[in-house]
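Q: Starting from the given sequences, assemble the full structure and let the hints guide the process.
The sequence shown runs 12 to 277 under the numbering used here.
A few of these clues could be false.
Unchecked claim - No farther apart than 35 Å at their CA atoms in a straight line, the calculated lysine-lysine pairs in the DSBU-like style are these:
id : residue 1 : residue 2
1  : Lys190    : Lys108
2  : Lys152    : Lys15
3  : Lys189    : Lys250
4  : Lys105    : Lys136
5  : Lys39     : Lys25
6  : Lys275    : Lys171
7  : Lys15     : Lys88
8  : Lys68     : Lys275
9  : Lys160    : Lys182
10 : Lys160    : Lys68
11 : Lys268    : Lys182
12 : Lys105    : Lys52
13 : Lys268    : Lys108
14 : Lys182    : Lys105
15 : Lys250    : Lys88
16 : Lys108    : Lys15
17 : Lys25     : Lys68
What the hints assert, rightly or not - Here are the simulated distance ranges between beta carbons:
id : residue 1 : residue 2 : range
18 : Lys238    : Pro112    : 17 to 25 Å
19 : Lys171    : His219    : 24 to 32 Å
20 : Ser223    : Thr16     : 40 to 48 Å
21 : Glu140    : Ser106    : 27 to 35 Å
22 : Pro107    : Arg222    : 16 to 24 Å
23 : Ala153    : Thr21     : 44 to 52 Å
24 : Lys152    : Lys88     : 41 to 49 Å
25 : Ser70     : Arg221    : 36 to 44 Å
26 : Ala153    : Thr33     : 48 to 56 Å
Note that these hints are calculated values from the structure, not bench results.
Here the structure is a predicted model, which means the values were calculated and not measured.
Ideal placement from N, C-alpha and C gives every residue a C-beta, glycine not left out.
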Amino acid sequence: MGVKTPLSLTQAQKLFASYHITALHPTKDGVMDTTYIAEAKDGAYIIKKYERNITHKISFDAQLLDTLSRSGLCVPKLLAQNKQWHLYTKLDGKSPKHITPAHMQRLGRTLAKMHNITDSIQTQKPFLENYPLKEILQQHKAKHFFYYKKLVPLQDTKLKNDGFIHGDIFKDNTLFSKKRLCIFDFIDGGSGSFAFELGVVLLSFNPHARRSFTRLLLQSYNQLAPKKISLRELETHCKTAAKLYALLRINHTQNTKRAKELVKLC
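A: And the structure:
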């Protein structure tokens, strides 16, 4: 699913000649866009082609990544662009197999630092408007009526605009190293609630809803955040996030098993 447009090594070398690419590997992750990992003598890069008409988003995304990077956050940088292909820095780190309290603390602190920067970005399209929710719900009403009944309140959901949110901080959009947490794929972010952002994090990093992990994430976040979030507010937005991503799992991959797990949290 990570590749929709084939790209050969020779083509990549011509597109980004000054980066001396020596090897090219397709990825399996991703639903909408094409992503390759490129190796070079001086390191590795990400080559991406956005399979959608989102030129305005790409321009904003490049500026956002630069701002976040300058503020000390670990995010990719857009290095070069040629035709419809984009070359980014490749981040170092791993996705942990087992989540520990230390991971929850780092998530809380990193998101607080990020939100202290993005709370001033109030002009982007609302995050939920990235998805035609009414249309998606109607498409699956007949075949997945059980889920439709559970998820139909989504079509009237509005998120408070606290600033810009990533909105999709699952494990596959993060990397942990010994010293820091790296976050990538901001391209589909938008204006939204910071509590919703943390709710999404809980879906992936606290799938068993351990109360101690939820409180630790919240405590770590509130120590540095631009505004404090209550436990009740977080839990409410976690349920909203569970509804959204249950619907998207059904729509993108027909993954009703994962959708069922998320619906239980609703």
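Q: Run every hint past the structure and note whether it holds.
A: Hints, one by one, checked against the model:
no., hint, in the structure
1, Lys190 / Lys108, "holds (17 Å)"
2, Lys152 / Lys15, "holds (28 Å)"
3, Lys189 / Lys250, "holds (31 Å)"
4, Lys105 / Lys136, "holds (31 Å)"
5, Lys39 / Lys25, "holds (24 Å)"
6, Lys275 / Lys171, "holds (24 Å)"
7, Lys15 / Lys88, "holds (23 Å)"
8, Lys68 / Lys275, "holds (34 Å)"
9, Lys160 / Lys182, "holds (28 Å)"
10, Lys160 / Lys68, "holds (33 Å)"
11, Lys268 / Lys182, "holds (18 Å)"
12, Lys105 / Lys52, "holds (22 Å)"
13, Lys268 / Lys108, "holds (20 Å)"
14, Lys182 / Lys105, "holds (10 Å)"
15, Lys250 / Lys88, "holds (33 Å)"
16, Lys108 / Lys15, "holds (28 Å)"
17, Lys25 / Lys68, "holds (26 Å)"
18, Lys238 / Pro112: 17 to 25 Å, "holds (24 Å)"
19, Lys171 / His219: 24 to 32 Å, "holds (28 Å)"
20, Ser223 / Thr16: 40 to 48 Å, "holds (45 Å)"
21, Glu140 / Ser106: 27 to 35 Å, "holds (29 Å)"
22, Pro107 / Arg222: 16 to 24 Å, "holds (20 Å)"
23, Ala153 / Thr21: 44 to 52 Å, "holds (47 Å)"
24, Lys152 / Lys88: 41 to 49 Å, "holds (43 Å)"
25, Ser70 / Arg221: 36 to 44 Å, "holds (40 Å)"
26, Ala153 / Thr33: 48 to 56 Å, "holds (51 Å)"
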